[in-house]
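> Please build the complex by placing chains B and F on the supplied structure of chain C, with the hints as guidance.
Protein chains in written order, with the working numbering: chain C, 630 to 1279; chain B, 701 to 1022; chain F, 825 to 1078.
It is worth saying that the hints were derived from the structure and are not from the lab.
Hints are supplied without guarantee of correctness; some may be wrong.
In silico BS3-like links for lysine-lysine, alpha-carbon gap of 30 Å or less [unchecked claim]:
#1 F/Lys-1026 <-> C/Lys-1111
#2 B/Lys-980 <-> F/Lys-1053
#3 B/Lys-1018 <-> B/Lys-980
#4 C/Lys-941 <-> C/Lys-662
#5 B/Lys-955 <-> F/Lys-1053
#6 C/Lys-1206 <-> C/Lys-686
#7 F/Lys-1020 <-> F/Lys-973
#8 C/Lys-686 <-> C/Lys-1226
#9 C/Lys-686 <-> C/Lys-662
#10 C/Lys-1206 <-> C/Lys-920
#11 C/Lys-1111 <-> F/Lys-1020
#12 F/Lys-973 <-> B/Lys-980
#13 B/Lys-1018 <-> B/Lys-902
#14 B/Lys-902 <-> F/Lys-1053
#15 B/Lys-955 <-> B/Lys-902
#16 C/Lys-686 <-> C/Lys-920
#17 C/Lys-662 <-> C/Lys-652
#18 F/Lys-1020 <-> C/Lys-662
#19 C/Lys-1120 <-> C/Lys-1206
#20 B/Lys-955 <-> F/Lys-973
#21 F/Lys-973 <-> B/Lys-902
#22 C/Lys-652 <-> C/Lys-941
#23 B/Lys-981 <-> F/Lys-1053
Fair warning: this is a prediction, and the values are worked out from it, not measured in the lab.
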Amino acid sequence: MLGAIALTAALAVSGFLFGRRAKLLADLVRLGKPAERSDDLPRRTRNEAVIVLGQRKLLQRLVPGLIHAAIFWGFLVLFPTILIAMIGAVDRDATLPWLGHAGWYALMVDLFAVLVLGGVVGAVLIRKVQRPARFEGSHLGEADLILGLIAGIVSTLLLWHATRIALDLNEWPAEWSPVSNALSGLFGNDSVTEVFERVFVWAHVLIILSFLAYLPHSKHLHIVTAAVNVFFGHTRPGGRLEPLRFDVADAEMRFGAGTVPDLTWKQTMDTFSCTECGRCQDVCPAFNTGKELSPKLLIMALRDQVFADGPKLVRGEAGFEPQPLVPGAVTDDVVWDCVTCGACVRECPVSIEHVDHIIDLRRHLVMVDSRFPAEAEPMLRDVERASNPWGRPQTERADWAERLGVRVLEPGDPPPDVLYWVGCAASFDERARTAAESTAKLLAAAGVDFAILGPRESCTGDPARRMGNEYLFQSYAEQNVKTLNDAGVTKVVASCPHCFNTIGNEYPDFGGDYEVIHHTELLAGLVREGRLQPNAAEGRITYHDSCYLARHNDVLSDPRELVAAVGEPIEMERSGKRTFCCGAGGAHMWMEERAGKINEERVREAAETGAETLAVACPFCTVMLDDGVRQRGDELRVVDVSTLLAEALM
Amino acid sequence: MVLVLVEHDGPEVDELSLQALALARELATGEPVTALLVGGGGREAAAALAAHGVGTAHIAEDERLTEYAPGAWATSVIELVDRLEPSAVVAAGTNRGNEVLGHVAARMDQPFAANCIQVAGEGPLEVTRMRWGGSLLEEARLHGDPALLSVAPHAVAALAVDGADAPAIEAFTPTLDDADLLVQVAEHVSTETSGVSLAEAKVIVSGGRGVGSAEGFGILEELAGLLGGAVGCSRVVTSSGWRPHTDQVGQTGTKVSPDLYIACGISGATQHIAGCKGAKKILAINSDAEAPIMASADYAVIGDLTEVVPAVTAELRKAGGP
Amino acid sequence: MRILVCVKRVPLTGGRMVLTDDERALETRHLGFTISPHEECGVEQAVRLVEQHGGDVTVLTLGPAEAEEQIRDSLAIGGDRGIVLVTGGEEWDPQATTGAILDAIEAERASGGAHDLIIFGNESADSGNYQVGIRVARALGLPVVTGLKGLSVEDGFARCEQEVPGGRDVYRVPLPAVVSVLEGINLPRYPSVPAKLRARQKPVETSTPERPEARLEMVRLRVPPGQGKQAEILGNGPEAAPAVVDVMRGLGVA
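The following block holds chain C by itself, in its conformation from the complex (with noise of 0.2 Å):
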């Protein structure tokens, strides 16, 4: 009797300290501003399968990951056993039906039970111990409370079976539960070991109970938003930025986030479900080069900031003016050291997509506040009025290609088979000029049918997006679509991944539909259909990735084909969806970068392979890499895939 009372009042006091927060937090998150995430919900499905029961972004860390797998996979097996700790607490003699009685699911209980705690032991050795880099920043002692916490549920549980079984309270043989049998050792069947019992029992309620009150304030929370936030996560390829909607009116229109009641529902959701785990700022090329951003403390800065003003704007505070985002939560710098090169969102195990974060917010500096680095605004306003961000006239765009009797596509002109779309680069760098000379020629070696746009061709409005210039973006890809669209293209080639990205990611939202394919895979495929014969040479190549080549968009294997093709492959350590960026995304190309050189780390990285080519398949990654050999002065020669095709040929 008292028991019942006295659950029902710890459970009231817990359930309406943890009902509050909740309400609070749920308020916050319908603050947001719409996003679209509820399409594709098979995909949806599988992801939650597979990322959250399955673990798998947990486990790209293996050990980390088996650590966190045992203590998760633990908790969901011994859920049930909460329920049965009340039961207990109230009445010793009663239990959960069936599961309760059961042996085997005792015998999964111990188990299980060990594992967390084998878990939790990990944990903390990896904390205490090996202190890894990327905890810097988070919260630590409250990851050791919650450690403990979970220590603490653990062990309560195991000593209750322990001291039941001392007094022969087991339904099933003791065997069956080995651990908490081999404790009940330390139990004699007597009156202290009773009152242990309900001492145990009680603890372990106790401890859950004011778990649940503090879960919703601390990155515990994890456990419930992680699986709602990988839920809506991105199903579309992770170079694809969510457009902006300018058809609108006034009073609907966004222009990225400059405040917290810009975010959207899915941002807030964002930070609410971060751990701090720091996976992403380990692989942040900004943070390891020395500069200002970490995804991780850009969410949870961003984070702080929600409660900061959220709660103000939820109850409705007449006259509250919540703070700009930047640089109220986080600074310029932050906002711009970015490349989204996407290595964080690809790390991260709960779907947080920081990349969006920084787009919205630069999205508001440029678009609202016009407020960016001084020297991309030269780029900006030559993308705008000479079509390209060289600033050059579109009229010499196709010099190179009036040099090879290269075809340029007329209006009125048949389609080819394939448009080879150039890009800006090839067009004015002479560096990235080489890729599309190599490209021109052993297209036309292989007899396909192509030409290219020539001034018709502008910029796709990938440095703009990037920039966070949003309108200016979509006007080019509106003008893009429609060229396209008259000549009646259906099949795109392009040899730079920000082209090959945008047209094909992020064009069919603007109602450009093409197959859209790169160069190397255009390529590898001739070379398997014998279309193209290269002799094979000795010499060792390391190839780079490019970010937006295999991390955003999974294209890992044909440019290996092509480097195995002519000469002898040597992979670097951080290669294929764990590339490191070249420095260049994110507009980089076009803003300086302060401290620290991203080209010139992965310089190093490849020139420690000892191989003497750095094989490359983006025309900004040749010339940033380029750059980092000629400033660092190693022996490596940076060159397109292309060109080394067209030289094995010869």
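Frame of chain C, contents of chains B and F only:
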């Protein structure tokens, strides 16, 4: 007869006015031309004009003419035009030359061709004048009497003639009213300039987009310092905030005429070339052998400016400096 | 203050000048366009003055119908209304341009009162005639100061600064006045997208003036011979340094 507005600073005649005189002499088909000098020091300056084909020099004198006032200068020109009835009035295409003739043209309701490089014929005059800062030329007919034109700086060489007599000097006081003096220099503010100014430098080391950052200009400053020259830049550099507009060379910046203009990492847009084509020689340092600047440069080094510029500095130092 | 700014639409020519077949115009197919640089700074200066002293800014252009694009860009910087004097894209010499502008100014005076300040660019990037501002001022009987790198307004006077060797010359001219400015007087702001969207809604009047006979009559254009030079390559990379120093010695600069 051709009337030429000659600018001078005290007793020194402006070089560009001497060039204008050369074109005026062509227009006058070898006959002596008449000069007008306004403001203090005119008499001394006029003496130097013998060698440049001036027969008579009219000096407009009035103490109110000490400070430049375009309206008053224009009044002086118009008075002389009314009296002498020249077929053409010529000035140098300087800020003041263009401004004064602009005023004259407006008051006389006559057309004015600014920045001419060539003239021919008579009634109407056929002029070739500069568009786009000189990157494009316009052939036009000047339907005016007198023909009003200014001469593009450095388009024509000043011709010195030996053994000519000193010009006759006639002073006059133009009738000025208040409106003529409403716009007059009220104050001179000196600004401290460290180093050589772009307009006067014999060598300019100029950087464009290829320099990469404000700090990147360090190597250019070093080379310029060693040569006693000035540092310039292209428009994208100013728009990026790396250097002040006063360093900008180009059609809308400063137009320079050094002995050597070194263009580092500058692609060579006509807008920029318009500012530096007055240089005797242009050296381009660029990693792109196909960059447009190659069509305007006398010499080129194909390479990375961050390597080439320090190498040149080192080479200069090696041989014991310039 | 009521300010009028006159701007011109000019092409972005890049590295080469290419003429149309009749050699009377630049081939502008595939070229981008912009507000002539000095004039864009004029718009920015006008907007700053009005931000400081109150008033409004009208932006006017004489050009083809597409020049409305440059007017809208000016309105995005902060202009309040625009006027496009629409031509067929043909040449208007300085006196013809002046006449059309004066007619528009007269119409403006009749409807809204005279302007306190009229701002021109010192010369347009393309034709570079250096005189329209002076002609307009003369016809209106207003003082005119050209080539400004500094412009401020105090107590009904315009303080005008020109850059000269050694410093600046300062003029103080009573308003109403006409001025022409140079790029470098300010750095035009990067308009926000809301400003661009608002600019689409601001009022722009158009009219079609008649072109009088040209008195500075363009016959044809030609590309000067200097272009198409072939630079003498002194070498590749840092190894060219000795050759460079030789050239310098030859020129007497080193």
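> None of the hints should be skipped; say for each whether it holds.
Hints and how they fare:
no.	hint	result
1	F/Lys-1026 <-> C/Lys-1111	holds (28 Å)
2	B/Lys-980 <-> F/Lys-1053	holds (14 Å)
3	B/Lys-1018 <-> B/Lys-980	holds (26 Å)
4	C/Lys-941 <-> C/Lys-662	holds (17 Å)
5	B/Lys-955 <-> F/Lys-1053	holds (20 Å)
6	C/Lys-1206 <-> C/Lys-686	holds (13 Å)
7	F/Lys-1020 <-> F/Lys-973	holds (27 Å)
8	C/Lys-686 <-> C/Lys-1226	holds (29 Å)
9	C/Lys-686 <-> C/Lys-662	holds (28 Å)
10	C/Lys-1206 <-> C/Lys-920	holds (23 Å)
11	C/Lys-1111 <-> F/Lys-1020	holds (23 Å)
12	F/Lys-973 <-> B/Lys-980	holds (28 Å)
13	B/Lys-1018 <-> B/Lys-902	holds (22 Å)
14	B/Lys-902 <-> F/Lys-1053	holds (23 Å)
15	B/Lys-955 <-> B/Lys-902	holds (13 Å)
16	C/Lys-686 <-> C/Lys-920	holds (26 Å)
17	C/Lys-662 <-> C/Lys-652	holds (18 Å)
18	F/Lys-1020 <-> C/Lys-662	holds (24 Å)
19	C/Lys-1120 <-> C/Lys-1206	holds (26 Å)
20	B/Lys-955 <-> F/Lys-973	holds (15 Å)
21	F/Lys-973 <-> B/Lys-902	holds (25 Å)
22	C/Lys-652 <-> C/Lys-941	holds (14 Å)
23	B/Lys-981 <-> F/Lys-1053	holds (12 Å)
The structure meets every hint from the earlier list without exception.
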